[in-house]
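Asker: Next come the chains, spelled out residue by residue.
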Amino acid sequence: MSYNEELEPKIDQDFVAVRYNVELEGPAITPENDPDVQAILPKDEPYRSIARAVLRGDTEESTIKVKEGLNSGIPPMDIINNGLMKGMDAVNELYTKGFYFLPDLMLSGDSMMEGLKESEEALGHKSETKGTVVSFVAEGDPHDIGKNLVVMFLRANGYNAIDLGRDVPNEDVVNAVREYKPLFMTGTALMTTTMTAFPKVVEELEKNGLEVPAIGCGGGAVRKDFIESFPMSVYGVKAYHTPKLADSILKDKKTWKEIRKKYSKIVGEFVPEYD
Amino acid sequence: MKTRYGIALDIGTSGIRAQALDIENGKVISTAITLRHPLPGANVVDHLHFAIKVGRDTAHNILIDSVNKVIKSLNIDLKNVERVAVCGNPIQLSLFHNIEIRDLAYWGPHALERLHVTPPSRNAIIVNAREIWLKINQEAEIYIPPAIKHEIGADALAMLFKSEVLEKKGIYLVSDFGTNAEIALVIDGEVYSCSAAAGPAVEGQMIEKGRLASPGTICDLEIGDYGWKTRILDEDLIAQEGDTVDPSGGKIISSAESSVNPIGITGTGVIAAYSLGLDTGIISLPKIKSPDNKINLHKEIYLTEKDIENIGKALGAFRAAHLTLAEESGVFLDEIDATYMAGASGFYVDPHKSLNVGQIPPSSREIYQMGNTSLSMAKDIILDPGLLEKLQEIADGMRSKHITLATSPTFEKIYSLELAMCEQGMPFWMYNDWLTKYGFQKIPPKVSNPVIHKIFERDIPELGEYGLKITKIGSVLEAEFEGCTNCMTCALNCPENALTIENGLATVRTDRCSGMGCLRCELGCPQKAFKYEKLLTLKEKYETSKKLKYAI
Amino acid sequence: MKRFTKMVYKKPEEMVFGRSKFPVSQRWNMQFGAGYVVPEVKVAPVEGSEGSKEKMVAECRNIAQSACERAIAVGLPSFMLEQEHVSHQTNNPEWAAETTRVQAEILEKYYEEYGIRVSLRQTPADIRIEERGLGLRGSDYDNNIEETMEACAANGASDLCIETMGGKALSDYGIARGDIRAILFGIGVLGSIDMEYMWKRIVNICKKYDCRPGGDTDCSQANTAMFMAGGLLDKDVSHTVAALARGMGAARSLVAVECGAVGPLKDCGYENPIVKSISGVPIAMEGKNAVCAHSDLMGNLVCGVTDVWSNESVYHRQEMGGTTPEVWLQATGYEAALMNTALQTGQEEVLRDLYTLTDKYRDPQALILAYDNAHRIGKAIVKYGKDPYLRSRAAALEAGKIINEAVDANKLYLTRFERDSLDNTLKILEDLPADRDQFIDECIRAYSRKVPDFNPKNYEL
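Residue numbers (numbering that gives the first Met the number 0), protein chains in the order written: chain A, 0 to 274; chain B, 0 to 551; chain C, 0 to 460.
Since the hints were made in silico from the structure, they are not lab data.
The structure displayed is predicted, hence computed values, not measured ones.
Just so it is clear, CB atoms sit at the ideal spot from N, CA and C, and this is done for glycine as well.
Hints may contain errors.
Calculated lysine-lysine pairs in the DSSO-like style (CA-CA distance at most 27 Å, straight line) [as the list claims (entries may be wrong)]:
1. Lys199/C with Lys385/C
2. Lys9/A with Lys287/C
3. Lys9/C with Lys234/C
4. Lys199/A with Lys1/B
5. Lys286/B with Lys243/A
6. Lys199/A with Lys530/B
7. Lys223/A with Lys180/A
8. Lys441/B with Lys234/C
9. Lys527/B with Lys134/B
10. Lys78/B with Lys52/B
11. Lys129/A with Lys252/A
12. Lys449/C with Lys167/B
13. Lys426/C with Lys441/B
14. Lys71/B with Lys1/B
15. Lys530/B with Lys260/A
16. Lys287/C with Lys445/B
17. Lys243/A with Lys256/A
18. Lys305/B with Lys206/A
19. Lys223/A with Lys26/B
20. Lys199/A with Lys261/A
21. Lys260/A with Lys305/B
22. Lys116/A with Lys441/B
23. Lys533/B with Lys237/A
24. Lys26/B with Lys1/B
25. Lys527/B with Lys261/A
26. Lys286/B with Lys410/C
27. Lys20/C with Lys10/C
28. Lys180/A with Lys243/A
29. Lys426/C with Lys410/C
30. Lys96/A with Lys206/C
31. Lys206/C with Lys20/C
32. Lys52/B with Lys96/A
Some, not all, of what chain B presents toward chain A, calculated at C-beta under 8 Å [said to hold, decoys possible]:
33. Asp21
34. Gly25
35. Val27
36. Val44
37. Ser513
38. Met515
Make a model of the complete structure from these sequences and hints.
Answerer: Right, here's the structure in full:
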């Protein structure tokens, strides 16, 4: 087309037609073409395909590519670290930038977990993770959306999150601490009648000589002053804060007292409840 | 000839309402209400929690004491009361009847096993006044309607029964709008029910400047010239025109003639603010676009971003519940022929705004605001006790189609989308896209001119020839605390002015106290001397004592 | 029925305003697509004039009179007067007969006195109601349309047009909900079926008189999508989805030509460049001089290959510069004069390209109507020419492809909403069955209950 080649390139659209909607919001970039994501995605195969499948939340594709990789002799730990976890890193990046939202995270998390399952089967044992976190819903409480989100965020950030489920008897929580010696624990409750389980759990742990560096307590009915009225606990505000709290224990060896004081700084944003 | 009386009772989270009827001609003689519930607590779960702490018997006694006061306010000859019908949710009715309540507090089978709790039957039952300790003719029959599951009870039955949709062909949505919103989708008489724990934000609680409906609270807002026009409840709880304010700064643009001084904002007011805020763009979830990030409605009355988040989540629970019901029952939301709004909150809210914010489906083209259906059904039972059996049949037929949202994967998926919208600002078009990705239906487009039927002016239409009496109730809890330094922090922290303390002797009014859900008194005590539990060992008056005679 | 399976225009650069492969000639020395562009004016009778036949006739007379006078006053060599009927005119064929007659008389008078080339277009309203009971075929409304068509043709109309609304219930449903399958069913299948029904009749009526069957537009469907999509900042309906709907509209509007319509195709049809590339008939278009009626995002681009330049519609009333027939005929007249100057000086291709480039990247809806892209969509349509369903689907897919290519080449940028809705929509379209009957079955099952106004019997399905 001659006019396309001759005339079109001469045009500066700023003087002809301005797409204000694009100016305002920024152009849509496919997730893979985002420059920060480009920096994270591995360049080599099969890692690149695995990471992209996780990025797109394509569980079928991630399972296929992981299986292919395992069959061709690649060590499972490499698949996990260089493929699956890189994909999740990219997902987290887009989530932080406000490009991806909760449901994207959930879908990508699923595809990562499927790939992880395959790899761990080949490995014969659980993979090495940053650390173990135990998550439960208070005894008597059937609501677990909050806990499911917490578990998803933890796993998306490389933690081995043990999901004890809902309506968990205090005894079982104590046993889980004994077994897993977690670096962090999360408890959620939606009702005022069930959140009374948390101080009881702490009491039982102390009685049995057990300890967790910090227990993040959150949920609809839970209030900060209630949680801070007994030791070992930290009032958790948003599900996506959880990995940062765990990180602060893992990397900076923060205690529950310190986390209470520096919550906003640790999670990296202004938290009205803590200011 | 002696008049034969019947008393209809509605025991709700925000208070007790009673009406005396002449059984012969069915007319209402008088009405008495309380403005609060006698047990401490801001919502029904708090009441439950308190009752468990203090002991079932004691809680029952406090409630009945208040019921008796209300009945006395009806000003009729109590010896001639033949029938009493009561209505309310399972927690209130169980407290009234003094039966097991722990199964309502702990829903998980583990907890119930551990405590050796057997959930009681909550079927319809007739008992005598003497069993309940009501100060009326001891032979009077007390009719207690059935509950369906521990989440949905006689009050939900009332709204279904009074809407008359159980006999009609068509698809109808019947919804309550309180803290525990019971919602039912009725398809050619088949009922699909659920209970959306929308949360106290819908009643104005968990909102910083939120209050239960009372004189001086902002109950509605409209777009006015250059600002938002407020409507405020006066002493008679009728809405009056208030000042017009600029929400971005709080400046008063124009003053109303008879300004009632505003002290807070109700749940319906919050919904109005949310609706206006979304429309005008001052709310751009999750942010408020004003210089101080607040929606300013008057000096000292405002909504914060946290408040907006809370109401957003509460409304999200409604919307997710609607979608879940529709998906589970296999219908589309825009196939709903009419939407019925029950309860006081459903009566006083502006349905256009409810529709705008998703509290009712946006495709609701025909809306009925029904008012207080619990009291209404109780009256029906008085006049036709055979109704009790019919209600039991309906309850039995409904059991299999109750959806527990807490354990529904559909609800979880949709509610996560709601969270993404109000906490992160995910755009609405993306929300709809995700619904499609999950294989669910999309939110239908908004209907432009819904037909609204508001049959009465008040949510309780007839007050009777003796009129309305507001009964003051409330018991007093007392305790002495060692180590008290008289710093008064506890009394100052109390958000409801329920507590006075002098030299370690604390006195708490149960009808003002927010109970187990608050505990600011205990949590704020610098000496850690204040222990709420001690208040719960009550004076002898309220302990169960067979020796007490409740003679008329 | 003979369907287009080959392109009349082999190359897009053969297309230009003022010229078409099959020019049309009418009485009063009028030719379309024969080397010059004709301005058009269309005015809606003032409110209240539908109260009686006399008032309506007076309105129509005044409109014609004003237009003719102004044309002479500023020196226009030609113009077309179109009268879009209000429902009263179509419901009462005697009214239509009379209004057409008075307008024809006036036009003829001016033709005879000044030699100005004139054309009278009559467009009865599609007053049929798609409700279950009343029906699109054989109802009273339907019969009235037929009678009115006859009345107009018999009383001096140069050509007849109509804007068929079959399939609108479904496409409205789809547009409001972003359901591309419903849109495709409404436009591509139902729209095409109803077009055939309507146009076979019109062509037959015109055969009896010195009157041409002009053409149709997808105003009721693709234009609805365009209006609801709104401006750049509006987000109710995605602009990329509206662009796909426009592509489908072309596949449907083509049916009129296949039934025997000769053009110029009617002005509201923004899809006309696509239809012209396939069939070679002259077309009428509207854009920057139709702002009295609505806003669009391709006001200049649509001049590119048009043969008639229209103002779409305006209320009959007084402006500062005169009555609206005067004012808006002058506006379209000057634009046509510019195009004609270009034609006369051999600069028409330059002007065509300048028009096109002004809006080509303003919006996805404009992009696909640029004449080179319109030609591509035309090719996609004729590839499946025999099947209205497949060719509409192909048109939408090709439109999507065009948009994606422009985005990939960094010539057009999309917002996230436009991007995501385009991706989702294309995926759904690709997954649709390749078999027409299967698609129709699925849609009837899916939409019969949801769309209360839709009755498959109206389309003989």
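Asker: Decide, hint by hint, whether the structure agrees.
Answerer: Status of the hints after comparison with the structure:
no.	hint	verdict
1	Lys199/C with Lys385/C	17 Å, holds
2	Lys9/A with Lys287/C	24 Å, holds
3	Lys9/C with Lys234/C	38 Å, violated
4	Lys199/A with Lys1/B	59 Å, violated
5	Lys286/B with Lys243/A	23 Å, holds
6	Lys199/A with Lys530/B	17 Å, holds
7	Lys223/A with Lys180/A	25 Å, holds
8	Lys441/B with Lys234/C	16 Å, holds
9	Lys527/B with Lys134/B	42 Å, violated
10	Lys78/B with Lys52/B	35 Å, violated
11	Lys129/A with Lys252/A	14 Å, holds
12	Lys449/C with Lys167/B	20 Å, holds
13	Lys426/C with Lys441/B	18 Å, holds
14	Lys71/B with Lys1/B	18 Å, holds
15	Lys530/B with Lys260/A	25 Å, holds
16	Lys287/C with Lys445/B	32 Å, violated
17	Lys243/A with Lys256/A	16 Å, holds
18	Lys305/B with Lys206/A	38 Å, violated
19	Lys223/A with Lys26/B	51 Å, violated
20	Lys199/A with Lys261/A	25 Å, holds
21	Lys260/A with Lys305/B	21 Å, holds
22	Lys116/A with Lys441/B	33 Å, violated
23	Lys533/B with Lys237/A	34 Å, violated
24	Lys26/B with Lys1/B	15 Å, holds
25	Lys527/B with Lys261/A	24 Å, holds
26	Lys286/B with Lys410/C	34 Å, violated
27	Lys20/C with Lys10/C	12 Å, holds
28	Lys180/A with Lys243/A	19 Å, holds
29	Lys426/C with Lys410/C	23 Å, holds
30	Lys96/A with Lys206/C	66 Å, violated
31	Lys206/C with Lys20/C	22 Å, holds
32	Lys52/B with Lys96/A	47 Å, violated
33	Asp21	42 Å, violated
34	Gly25	41 Å, violated
35	Val27	37 Å, violated
36	Val44	5 Å, holds
37	Ser513	10 Å, violated
38	Met515	5 Å, holds
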